[in-house]
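From just these sequences and the hints, can you work out the full model?
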Amino acid sequence: MTGTGLEAPASTTPAVLRRKGSLPRWAPLGILAATAVVMAGVAAATGSGVGLWAFLTAVVYAVATYTTSRVVEGARKAADRLVTVIVTGAFVLAMVPLVSVLWTVIAQGWERFDVTFFTNSMRGIVGEGGGALHAIQGTLIITGLAAAMSIPVGVLTAIYLVEYGSNSKLSRAITFFVDVMTGIPSIVAGLFAYALFTLLLGPGVRFGFVGAVALTVLMIPIVVRSTEEMLKIVPNELREAAFALGVPKWRTILKVVIPTTAGGIATGITLAIARVIGETAPLLVTVGLATGVNLNPFDSRMATLPVFSYYSYATPGVPRDPFLDRAWTAALVLMLIVMILNVVARLISRYFSPKTR
Amino acid sequence: MGKSVEAKDLNIYYGSFLAVEGVNMTIKPKTVTALIGPSGCGKSTFLRSINRMHENIPGARVEGRLELDGQDLYGANVDPVGVRRQIGMVFQRPNPFPTMSIYDNVIAGMKLNNKKASKSELDDTVERSLRGANLWNEVKDRLEKPGSGLSGGQQQRLCIARAIAVRPDVLLMDEPCSALDPISTLAIEDLINELKNDYTIVIVTHNMQQAARVSDFTGFFNIEGTGKPGKLVELDETKTIFSQPKQKATEDYVSGRFG
Ligand SMILES: Nc1ncnc2c1ncn2[C@@H]1O[C@H](COP(=O)(O)OP(=O)(O)OP(=O)(O)O)[C@@H](O)[C@H]1O
Ligand SMILES: [Mg+2]
Numbered sequence: 000m001t002g003t004g005l006e007a008p009a010s011t012t013p014a015v016l017r018r019k020g021s022l023p024r025w026a027p028l029g030i031l032a033a034t035a036v037v038m039a040g041v042a043a044a045t046g047s048g049v050g051l052w053a054f055l056t057a058v059v060y061a062v063a064t065y066t067t068s069r070v071v072e073g074a075r076k077a078a079d080r081l082v083t084v085i086v087t088g089a090f091v092l093a094m095v096p097l098v099s100v101l102w103t104v105i106a107q108g109w110e111r112f113d114v115t116f117f118t119n120s121m122r123g124i125v126g127e128g129g130g131a132l133h134a135i136q137g138t139l140i141i142t143g144l145a146a147a148m149s150i151p152v153g154v155l156t157a158i159y160l161v162e163y164g165s166n167s168k169l170s171r172a173i174t175f176f177v178d179v180m181t182g183i184p185s186i187v188a189g190l191f192a193y194a195l196f197t198l199l200l201g202p203g204v205r206f207g208f209v210g211a212v213a214l215t216v217l218m219i220p221i222v223v224r225s226t227e228e229m230l231k232i233v234p235n236e237l238r239e240a241a242f243a244l245g246v247p248k249w250r251t252i253l254k255v256v257i258p259t260t261a262g263g264i265a266t267g268i269t270l271a272i273a274r275v276i277g278e279t280a281p282l283l284v285t286v287g288l289a290t291g292v293n294l295n296p297f298d299s300r301m302a303t304l305p306v307f308s309y310y311s312y313a314t315p316g317v318p319r320d321p322f323l324d325r326a327w328t329a330a331l332v333l334m335l336i337v338m339i340l341n342v343v344a345r346l347i348s349r350y351f352s353p354k355t356r
Numbered sequence: 000m001g002k003s004v005e006a007k008d009l010n011i012y013y014g015s016f017l018a019v020e021g022v023n024m025t026i027k028p029k030t031v032t033a034l035i036g037p038s039g040c041g042k043s044t045f046l047r048s049i050n051r052m053h054e055n056i057p058g059a060r061v062e063g064r065l066e067l068d069g070q071d072l073y074g075a076n077v078d079p080v081g082v083r084r085q086i087g088m089v090f091q092r093p094n095p096f097p098t099m100s101i102y103d104n105v106i107a108g109m110k111l112n113n114k115k116a117s118k119s120e121l122d123d124t125v126e127r128s129l130r131g132a133n134l135w136n137e138v139k140d141r142l143e144k145p146g147s148g149l150s151g152g153q154q155q156r157l158c159i160a161r162a163i164a165v166r167p168d169v170l171l172m173d174e175p176c177s178a179l180d181p182i183s184t185l186a187i188e189d190l191i192n193e194l195k196n197d198y199t200i201v202i203v204t205h206n207m208q209q210a211a212r213v214s215d216f217t218g219f220f221n222i223e224g225t226g227k228p229g230k231l232v233e234l235d236e237t238k239t240i241f242s243q244p245k246q247k248a249t250e251d252y253v254s255g256r257f258g
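Protein sequences, first through last, are from chains A and B. If you count the first sequence from 1, position 305 lands on 304 in numbering that gives the first Met the number 0, and the numbers rise without skipping. If you count the second sequence from 1, position 255 lands on 254 in numbering that gives the first Met the number 0, and the numbers rise without skipping.
Any given hint could be a false lead.
[As the list claims (entries may be wrong)] Each computed DSSO-like pair below joins lysine-lysine, with the alpha-carbon atoms no more than 30 angstroms apart:
#1 A:254 / B:118
#2 A:254 / B:115
#3 B:7 / A:254
#4 B:115 / A:248
#5 A:248 / B:2
#6 B:114 / B:144
Hints are computed from structural coordinates only; laboratory data are not their basis. Just so we're clear, the structure is a prediction, and the values are computed from it rather than from any experiment.
So, in structure tokens, the structure goes:
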């Protein structure tokens, strides 16, 4: 009740303003610890597992916090604490699978996370040893090609929609089809690319570029959507400011609108790349797998990390273990690449974002 | 620098909505003309049609003639971008480019248009424009800092500096002080007084004292009712408008007996 020294004496404070008692700072943690211990006892007595224990703890903790707070602090504070518990609970729940996947992949992939894995291909390997150099290169080449095709198309489409479309029929149609494209299952994109190149070059063609086209189909709508959202939040006043200085529209877009939101666009693009780099199904159909290094995306099959991982795990040779280990390590490398991309996106957006100081 | 602007039977539309009707107005070179009138009567609309910013709004168009020193601004072979290079504009809300430093903001008109200029030329332009906008002393030590880090009033003066850096013939200002404190407002009014030595200035304001203080001529716009077009009721020397206007509506408005 003390602190600022500005409060009026308690007796003259009107009821609306009067503060009720408050729980000490350690109360939430204290209640949580107590609940956990009690529930551990209950779980041990009834012989139930960890899952049930966590669930019971959460429920009882929420109820206990609410009641305690309600008695001591009043209804508003109690509701606040209850919602805090629910929100935190949702967050923890969301983190469980994430952390679990991360942990499993790291633990299992660590075994073969060695130099050989990054310097060798699978050429001539039947059992132990070998690496995924060819798959890493394949993934980078195919995803790079896909990015090189979909970023210009996607960004320019978004620019058309926001800056030139002004809600015309064409722009509404494009928006509609982009939304539809977002929902295309990745295997359909793969079949589309496969069918397209079969029509062009005859049946049974498989090479890296076909896979890149399949990934492009998946990537374009993501790039369009994210870029569009970013361009929309550039305030119109900035465009007007440039127009009023006698700057033509295309220069305004190029030099004012895009730089203002470059960080956001870059983040969107990186997330789109991260989204397609792990695609397995379309690459399985269009690119297949190879055991050795193939750096030419226009000729013959190519290995990629997801497909490599999938085949090593689904159809291991004898002995099994080296294959499974390599599958996990390939997954780990893929995850690391995505993580690096995210860090790069952050750096880019920090570098470009408007500064105020 | 400092050219005359003349509007002849100007009708301004948003789509099929006639927002401003039949404006006939002559603005003399190197004078300050204030536009006053109730909200929604089309002051901003008229102002934005002078530098052809109006047509950026989908469906917006203009009928009639608008001349800059006798040259038709809406002629078939006139490039709106060229018009805007001669007629600068300052907006109601300061809008410096957030990605640019103070220095780059001032020379944005040249930089964005890829005008080649030597470093010393640019330095001169920046100093001249910032001095012209009464901002030089406040920012001369932090020209490399972002423009959005300045106070609102400083940002507005930065926008004025940016507008005069390209040496336009006419400067349009749409309620440039409405977001500012009295001291910044005074600074900008002083600035307008200096700027009229070189530029023709048209300023929209809701503040009658301001109109009386800064302008040589005052135009009163009025609107008869919602959905009706706004019209220029009267344009005369400022002291005439505020002491013995010819129209009853003007007198009611400037004396506060409006509506
Ligand atoms: N973008 C627009 N689209 C359609 N109508 C508009 C648009 N902008 C303004 N109008 C209409 O045009 C008329 C004149 O508006 P304008 O903004 O010119 O008024 P104003 O005199 O500047 O008012 P204020 O003093 O409030 O700024 C109003 O009826 C307004 O609703
Ligand atoms: Mg206005």
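For each hint, the structure was consulted:
1. A:254 / B:118: holds, 20 angstroms
2. A:254 / B:115: holds, 16 angstroms
3. B:7 / A:254: Given that 30 angstroms is the threshold and the Cα spacing comes to 36 angstroms, the pair is violated.
4. B:115 / A:248: holds, 20 angstroms
5. A:248 / B:2: OK: residue 248 of chain A and residue 2 of chain B at ~26 angstroms, within 30 angstroms.
6. B:114 / B:144: holds, 23 angstroms
In the structure shown, a violation is registered for the earlier hint numbered 3 alone.
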